[in-house]
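Student: Going from the sequence shown to this note's numbering is simple: count from 1 and add 34.
Keep in mind that the hints were calculated from the coordinates and are not lab data. Think of the CB as a built atom: it goes at the ideal place given N, C-alpha and C, for glycine as much as any other residue. Among the clues, some could well be false.
Claimed, not checked - As a list, the in silico EDC-like pairs of lysine to aspartate or glutamate whose alpha-carbon atoms are at most 20 Å apart:
1. K100 - D45
2. K100 - E112
3. K41 - E103
4. K106 - E40
5. K96 - D45
6. K102 - E40
7. K100 - E63
8. K96 - E112
9. K102 - D45
10. K109 - E63
11. K100 - E111
12. K96 - E40
To be verified - Computed spacing ranges between beta-carbons, pair by pair:
13. Y101 - F57: 23 to 33 Å
14. N37 - F62: 22 to 32 Å
15. N69 - Y101: 23 to 33 Å
16. H93 - L55: 14 to 24 Å
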Amino acid sequence: RLNTLEKLYFDLTIMLIVTFLSFLFLVFEFFIYENIAVFFQDCFLMSVIFIIGMIGLFHTCKGLRKYKEILKSNKREEFI
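Work the whole structure out from these sequences, hints included.
Tutor: In structure tokens:
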């Protein structure tokens, strides 16, 4: 069983992989297509996945930062 911090790092790793793979796919497809309008029509779903991945990365990093602050404040309270 994973604790909360390990779960957040696991989520961060998964989001990094998904975002990176969708980014690579989009870049590869962008150079193949000659018309940008056709590119956005054909790769709309992958663009949405990339945007969701970026949002997930930011939220996971925000959650990690908040959880670490909570851990620090709990350690300070133990010493007082």
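Student: Are the hints correct? Go through all of them and say.
Tutor: Tested hints:
no. : hint                   : verdict
1   : K100 - D45             : holds (15 Å)
2   : K100 - E112            : holds (19 Å)
3   : K41 - E103             : holds (16 Å)
4   : K106 - E40             : holds (16 Å)
5   : K96 - D45              : holds (12 Å)
6   : K102 - E40             : holds (12 Å)
7   : K100 - E63             : violated (37 Å)
8   : K96 - E112             : violated (25 Å)
9   : K102 - D45             : holds (16 Å)
10  : K109 - E63             : violated (49 Å)
11  : K100 - E111            : holds (17 Å)
12  : K96 - E40              : holds (15 Å)
13  : Y101 - F57: 23 to 33 Å : holds (27 Å)
14  : N37 - F62: 22 to 32 Å  : violated (38 Å)
15  : N69 - Y101: 23 to 33 Å : violated (46 Å)
16  : H93 - L55: 14 to 24 Å  : holds (19 Å)
Of the numbered hints listed earlier, those contradicted by the structure are 7, 8, 10, 14 and 15.
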